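Can you build the whole structure from these sequences, using the hints too?
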Amino acid sequence: MTVYYTKEHEWLRVEGDVAVVGITAHAAEELGELVFVEAKDEGTEVAQGDSAAVVESVKAASDIYAPVSGTVVGFNAALSDDPSLVNRDPEAEGWILKLRIADAGQLAALLDADAYAALIA
Numbered sequence: 001m002t003v004y005y006t007k008e009h010e011w012l013r014v015e016g017d018v019a020v021v022g023i024t025a026h027a028a029e030e031l032g033e034l035v036f037v038e039a040k041d042e043g044t045e046v047a048q049g050d051s052a053a054v055v056e057s058v059k060a061a062s063d064i065y066a067p068v069s070g071t072v073v074g075f076n077a078a079l080s081d082d083p084s085l086v087n088r089d090p091e092a093e094g095w096i097l098k099l100r101i102a103d104a105g106q107l108a109a110l111l112d113a114d115a116y117a118a119l120i121a
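Counting along the sequence shown from 1, when you hit position 6 you're at 6 in the UniProt record's numbering, and nothing is skipped either side.
Please note: incorrect hints may appear among the correct ones.
As the list claims (entries may be wrong) - Computed Cβ-Cβ distance ranges for the label pairs, DEER-style: (1) Gly74 with Ala47: 14 to 22 Å; (2) Ala92 with Thr71: 18 to 26 Å; (3) Ala109 with Val58: 31 to 39 Å; (4) Val73 with Ala121: 28 to 36 Å.
Stated by the list, open to error - BS3-like, lysine-lysine: derived pairs with alpha carbons at most 27 Å apart: (5) Lys59 with Lys40; (6) Lys7 with Lys59; (7) Lys40 with Lys7.
If you're looking for bench data, these hints aren't it; they were derived computationally from the structure. Quick caveat, the model's predicted, so the values are computed rather than measured. Cβ atoms here follow ideal geometry from the backbone N, Cα and C, with glycine treated the same way.
Shown next as structure tokens:
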């Protein structure tokens, strides 16, 4: 199971041909307490860099961008009742959406954990 990161503070965990996507702990901390999370509808195709979800915190609203092109195949329904799950466990239980990856070659342009750590240092 490989985890990648973006410069916009999303992470994705590749599970077969599906990417589980969320925001990093750094992003969750910067945003503050989340009060709303919404992803594109299942079946929606998104291109790499397109808005795939929106999170709203007590501070601001922010788009979550698709780290790779693909089709939305799932949303973390637990976030509908408890958006702050993203704040408590952003890189595991607080995942936001799942994408069926359209072009695995796009993964090569993403950051690994060390490169992301250097970015936020």
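*asked:* Are any of the numbered hints broken by this structure? If so, which, sorted upward?
replied: Nothing - there is no hint that the structure violates, so all of them hold.
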